[in-house]
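Chemist: Chains A and B, in that order, are what the protein sequence lines are.
Numbering-wise (the working numbering), the first sequence opens with residue 1 and increments by one.
Numbering-wise (the working numbering), the second sequence opens with residue 1 and increments by one.
I should point out that these hints are in silico values taken from the structure, not numbers from a laboratory.
Virtual Cβ for every residue (Gly too), placed ideally from N, Cα, C.
You may find that some hints are simply not true.
Chain A is faced by these chain B residues, among others (derived, beta-carbon under 10 Å) [as the list claims (entries may be wrong)]: (1) 89; (2) 95; (3) 163; (4) 170; (5) 172; (6) 175; (7) 219; (8) 223; (9) 232; (10) 327; (11) 334.
30 Å max Cα-Cα, derived DSS-like pairs, lysine-lysine [what the hints assert, rightly or not]: (12) B:80 <-> B:383; (13) B:345 <-> B:80; (14) A:153 <-> B:345; (15) B:301 <-> A:63.
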Amino acid sequence: MGTQRGKNKGFENLVDGQVLPQPAYQGEFTEGEIVQYYNPESMTWAERIYLPYVLAGLGLTAKVFLRNMVTWFVWLTYWVRGKGAEAKRGATTIYYPHEMRPDFSPVNRGKHILTMRDNDDPQCVACYMCATACPAFCIHIVAGEHPDPAIEKYPVRFDIEIDKCIFCGYCEEACPVDAIRLTTDVHLVDYKRERMVYDREYLLTWKPTYVEEEHVYPGDRPRKS
Amino acid sequence: MSLDLPYSQGGEFVDLPHDIRLRRIYPEGEDYDLSARTVLNVGPSHPAMHGTIRMVVELDGETIVGCDVIPGYLHRGFEKECEAHTYHQAIPYTDRLNYCSPLINNFAWVETVEKMFGVEVPRRTQLIRMYLSEVSRITDHLTCIGAALMEVGALTPFLWMIEVRDWYWEHICRVTGARLTQTYARIGGLARDVTDEWLDRCEQINSEHLVKTLRDVHVLVDHNRIFIDRMRGVGVVSQKDAISYGVTGPMLRSTGVGLDCRKYAPYELYEEVSFDVPIGKYGDNYDRYFVRMREMEESMKICRQLDPLIRATNGEEIKVDDSRVSLPPKSEVYSNIEALMNHFKLIMEGQRPPQGECYHAVEGGNGELGFYIVSDGTGRPYKARCRPPSFVNMGSAHLQLLGAQVADIVPIFGQINMIGGECDR
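Only chain B is shown next, with the shape it has when bound in the complex:
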């Protein structure tokens, strides 16, 4: 039954009834009584499990000695649904993958399709996409840290962070048209242009509200021993494990690996901005908290660098001038038969990228978010695949859970930041 693979260190597999495949570790001593163990079912209705994941844990007293993580309660068939929709129609679906940072998902999808077409979007579009991606990253980390702190008992930071996030969301709504299901990206461009006033207000939220909130949260929890005891040394993943399990994002960086898609495989114009990649040292929950907090500051730094660049390109096109890809402007559609025909063809048949396959990855809130698309030359993807960071990060959950205490389940799960929509797709 035992697997001698390098990644099976988290115990051996034991099949229990009801399709539960436990990873079990054994304590020292041969006269150990297995019947003294308790099997506890956590979720999917447990409030900390988001209603979307179930964990079966085997307990020896308070210590977790066996676990089975069962995701899939929010499976919606995103990848299969994409095959029945045009590339354009799939954009709203990507909103619902990681609903804490929908814009990053939007942009990742359209950039993959643009890569298949081989078109390069205008500079202004790329700058706005970067700006909104960073704002989305901030909202993602605000949600994650706020919720994770609330789950270990600190309700005040949650309220403060969600308040700031709400201002971001309502402000994002002023350019995208929706708070959460934004559907803002278009293949070859954007749905709407941003204004200088919009950038002003965004900078105001950054400099007034976010900075203060981050400072206050640092004051509240950083040195609080209750918090330290709950977080430090809990949920440790070693560097080697993190790499071999494909863990990405803040979780990987907390172990000391400075791997960031924006740095090692720059997309859009990330080469033009300078920012740091914060990394941790111990790979525990405490480092993950710090990495996320620092990343918000770095995102703010990127926003400030992008601000003058976007203003410098005021009035430029935000859609690529390619009739295969972007819809003609409405003034043309109302007056011009060629544009009208182009409009009808693009809506009815969709954008038709050349045959082939393509993978494009961006740095999402939780790690490397990639889309792999196979095109057969029609307007609908032959196959679409999403590389969800949370799902891969959840693969390392047993490493953190086994040997931990029951009370550690919630902080560990909170810092993995599994988003049901993304993990289960």
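This is chain A alone, in the form it adopts within the complex:
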């Protein structure tokens, strides 16, 4: 029948509430540098009486709090001179959407864009490569015959269901004529689901806001005088 309470499988090495050490496994795969790392089983008197280590932890959090507070006050002296952006802040948080994080990736894959030829026609030749490569099947193309025989085909319709898109960048990778690109824009919100389908005209004409690359990071922003 069932096993006895407190002596079931997982607790066979738990005797009277005390954990017994397990024998080291003598297997053939235990070669290499294996470091046993554990804390002693019994608590020291300092651990037993709670307070010393609770106070140590409190001291650490208080130290961090004071450091951040001082950093904020130093930042204030810059801010009153209108140089708030130059000084180091006491917190890593930013005021989104009024500012972007400084280490925002310049190669972030975001909203799509369709490139144009010199005469404002789409660069796309409707070869369906992007639609084929798309793992989410969110690109829909209707091809038409282009008057210029050198171009042959062009997209009459080019729809991206942006709410289905997973931003893997495969369309960009698959395109043989550099017609579709992923910009860094990440602001993809709307109140209507219908508007989350981007058509050809929108993809050709919307203006992306590129983020300039700079190698400054929030935690270690250089302080300038």
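Given chain A, work out where chain B should sit, using these hints.
Modeler: Only chain B this time, still in chain A's reference frame:
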């Protein structure tokens, strides 16, 4: 009803209504009143259950005397979906398996396909893959420990660790193009090359932020008796059980078994770097916490060894020069009809590995992460199977839960580190 199998020690099975199959243990004494027990449903909406798992526990007072762990709330059909996509298109799916360390999943998948092709990727690619795998392992453990500490009431370490993780993620985004759904690996190579500045900054995060955070977290919780009482002796799995249940990763190592895929079955160039395998002693939650903390330091050590090796191979190819496997460079595609045809064929039909089957395992954040692929010679897998470490580790959950207290459910579950995307696939 009782099963006399060696692995059925965690009580006997009892069928309750609503498809609940309880593992129940009985206390001593024959005049025990079963009607005094309470059945409690934890999850899937419980915040600690990630919304992806449900536990039905039977309580005797505060003690858990019966449990049924019901995963599957995040099942997305990864393995079946793979059969409808090319090998290349399946890479984004692997991002979503273990979303705490997507790059390890990426690399595991493409390495399995490369193994089927029999191609060897360039040295630089392997070094970068190792480097990013270790960074991913750090982010995985940061998430796990941060969340597990938060669940036992320590909110400060969570905030500090997630802050560091966020710098890693945004920095990974600078080379992969996405913070979480990175899709960085390519069959036979990588999507983008890393630069020296990137490595500099990564080393900066390692040496300035991660080291300090780990030190601070050690100061905050290690000797705190509240933490010790919640973790020590809770969720104990014996060494024998851990091996017989197929438990891998930090959970297995916490019981004292130094089993690490990077050591006993080295893939990529893990033979070239030296690192320790930290193991625990008691197999309880406290050891798991320590093993994970130490593993982050070891990952940092590997990153530091890899740094000069990657710089030494600057400018080398990161894609294997094999037209069956890797896409031709874009400059060729724009100008050269052979390359264009090759490009079209690879996108439309996908890479077509020879017929056969293949299993490849890597050391993921939670343990052995393996992919098993059967190919019928077409561009899509005939069958793909993922060996998810969390799912197997969850198999030992009842051993830890039975006999524990109600309040121990959350720390035990937190230290198993079940990732819904990986467990349910």
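Chemist: State for each hint whether it applies.
Modeler: Status of the hints after comparison with the structure:
1. Hint status for residue 89 of chain B relative to chain A: holds, with the closest Cβ pair at about 4 Å, below 10 Å.
2. The interface hint given for residue 95 of chain B holds, since its Cβ lies 8 Å from the closest Cβ of chain A, which is under the 10 Å cut-off.
3. For residue 163 of chain B, the interface hint holds, the least distance from its beta-carbon to any beta-carbon of chain A being 6 Å, beneath 10 Å.
4. A hinted interface residue such as residue 170 of chain B counts as satisfied when its beta carbon comes closer than 10 Å to some beta carbon of chain A; here the least separation is about 5 Å, so the hint holds.
5. This hint holds: residue 172 of chain B has a C-beta 9 Å from the nearest C-beta of chain A, less than the 10 Å allowed.
6. At a threshold of 10 Å, the smallest CB-CB gap from residue 175 of chain B to chain A is about 8 Å, leaving the interface hint in force.
7. Proximity of residue 219 of chain B to chain A holds as hinted, the smallest CB-CB distance being about 5 Å (cut-off 10 Å).
8. The beta carbon of residue 223 of chain B is positioned within 10 Å of a beta carbon in chain A (closest approach about 4 Å), and the interface hint is therefore held.
9. Restraint check, residue 232 of chain B versus chain A: the minimum CB separation of about 7 Å is within 10 Å; hint holds.
10. Checking residue 327 of chain B against chain A: minimum C-beta separation of about 7 Å stays under 10 Å; hint holds.
11. A hinted interface residue such as residue 334 of chain B counts as satisfied when its beta carbon comes closer than 10 Å to some beta carbon of chain A; here the least separation is about 7 Å, so the hint holds.
12. Under the criterion of a C-alpha separation no larger than 30 Å, the hint pairing residue 80 of chain B with residue 383 of chain B is consistent with the structure, at around 8 Å.
13. Restraint check for residue 345 of chain B and residue 80 of chain B: satisfied, since their Cα atoms lie roughly 24 Å apart, inside the 30 Å limit.
14. Straight-line distance between C-alpha atoms of residue 153 of chain A and residue 345 of chain B comes to about 20 Å, which keeps the hinted pair within the 30 Å bound.
15. For the given pair, residue 301 of chain B sits about 28 Å from residue 63 of chain A by alpha-carbon distance, which is consistent with the 30 Å threshold.
Checked against the numbered hints above, the structure breaks none of them.
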